[in-house]
Amino acid sequence: MDELAQAARLALRLITEFDSALVDIIARSLLVTASATVLAAALGLPLGALLALARFPGRQMLLVTVHALMALPPVVLGLLVYLVLSRAGPLGFLGLLYTPTAMIIAQTLLILPILAALASQQIEELAREYGELLRSLGAGPWHAAATLLWEGRFALATALLTGFGRAAGEVGAVMIVGGNIDRATRVMTTAIALETGRGQLALALALGLVLIALGVGVTVATFGLRALARRLSAA
Amino acid sequence: MSAILPLTVEGLGFAAGGETLLAGIGFALRAGMRSVVLGPNGAGKSLLLRLLHGLIRPTAGSMRWSAPEPARVQALVFQRPVLLRRSVAANIYYALELRGVSDAGRVDEALARTGLTALADRPARVLSGGEQQRLALARAWATRPELLLLDEPTANLDPAATRAVEEIVAAIHAAGTKIVMTTHDLGQARRLADEVLFLHRGRLVEHRPATEFFAAPASEAARAFLKGDLPW
Ligand SMILES: Nc1ncnc2c1ncn2[C@@H]1O[C@H](COP(=O)(O)OP(=O)(O)O)[C@@H](O)[C@H]1O
Ligand SMILES: [Mg+2]
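In the order they appear, the protein sequences are chains A and B. Using our numbering, read the first sequence as starting at 1 and increasing by one per residue. Using our numbering, read the second sequence as starting at 1 and increasing by one per residue.
The hints are all genuine.
Derived, one-sided and incomplete: chain B residues facing chain A with beta-carbon distance under 10 Å:
hint, residue
1, L76
2, L84
3, Y94
4, V126
5, T143
Derived from the structure by calculation, the hints contain no laboratory data. For clarity, every value in this text was computed on a predicted model and none was experimentally measured. C-beta: ideal position from N, C-alpha, C; glycine also.
Take the sequences, apply the hints, and build the full model.
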């Protein structure tokens with residue numbers, strides 16, 4: 001019990017004193033996850049719009065693939081990315097394994113299907129509401145797609161937050177492709193998973209508290225967005 | 001710019017899901033007068049407007065406009081206003097931009113003519129039902145259409161809002177736009193119609209000047225409709 005209390009005290013001190021190892025890990029985590037979220041948004045939102053609005057051969061296949069990828073266990077996804085990036089793999093020559101870039105790739109692939117699925121669902125709904133109006137006003141398909149993305153901006157921002165939260169809390173995939181290397185690829189989740197057992201209880205606890213705060217922050221932001229959307233009658 | 005009217009419609013039909021919903025519709029639509037499409041619920045009034053507007057394709061017959069690209073000089077006002085999730089002014093500007101007009105002055109003009117100037121910066125979807133329909137009219141008017149199609153624009157409105165909409169429609173007409181409007185409100189039809197197209201079960205049963213139609217309907221269906229015997 002004493003040991004726990006001491007670890008908790010130490011954890012709080014690490015946080016309040018901006019311990020450099022702690023800050024290093026948090027900063028890397030945020031950078032990796034934010035990059036992955038931006039990338040996944042850049043790819044996933046247009047993909048969602050395409051799935052919702054366009055009719056092309058292979059669309060059904062793509063839809064199934066997106067949903068199957070959503071169900072893929074993250075650790076398996078990590079394994080697949082590892083195989084592709086490992087020295088013997090097809091992209092091994094890039095030398096990306098055990099770098100933050102590899103982790104960004106893994107997290108991007110992790111949340112891309114979620115974003116694409118949420119976006120396509122949202123845009124399909126909006127298309128039902130606005131499809132005839134947009135055609136009546138003379139909007140071409142590209143213009144209509146852009147308009148629908150904008151009309152869904154609050155819901156899509158919420159989806160981004162969901163993706164960010166999912167990526168930030170994931171551990172298996174980034175462990176496999178990152179390797180939890182100190183000052184290089186160690187992020188909050190991998191540090192907690194691996195450092196706890198090595199007696200770094202205070203560091204793990206401090207990171208756990210930060211992750212909880214991050215989760216609360218994402219939730220509050222989500223509710224804030226919903227409230228704003230309601231107030232503007234934009235939901 | 002050459003005018004899309006007159007329009008000649010011949011043998012126009014629309015079928016969906018194995019059912020014939022409109023058949024053998026033929027009429028000429030001339031500029032100027034206000035044409036009101038009357039008929040009981042399910043007669044095919046909305047379908048006819050959507051065919052005219054090019055939102056759906058006819059499965060039979062022809063529509064011959066006097067100029068190409070008729071949809072570009074038309075506007076359609078839906079029964080329930082469909083407004084974008086942005087400000088009142090932005091809703092109008094959006095429609096103008098799609099017509100290649102980036103003129104904020106036109107937005108102000110449309111707002112002023114529909115009494116919405118004070119609401120310009122409000123989110124469109126917080127407006128009352130009547131205000132929303134006025135905005136839909138403002139958006140249509142701003143593009144200065146040659147032909148304005150209105151699908152029961154006052155069906156969900158109270159009497160005061162209905163009057164406001166009718167006044168705006170009258171003003172748009174006075175400014176030179178051809179009006180084609182569906183309604184099942186007989187009072188409204190009497191107030192606004194110059195000519196009546198009476199639809200019944202997917203057929204055009206009568207197409208006559210309004211005064212004649214209301215004074216002496218030629219068909220049994222129209223007589224029943226005017227007496228209120230047909231459900232609308
Ligand atoms: N896309 C469609 N597929 C099948 N039936 C339709 C479709 N659109 C309309 N209908 C049917 O066509 C008939 C006429 O519809 P509508 O034009 O909306 O009537 P109204 O005169 O009340 O406006 C109705 O019975 C309606 O259910
Ligand atoms: Mg109708």
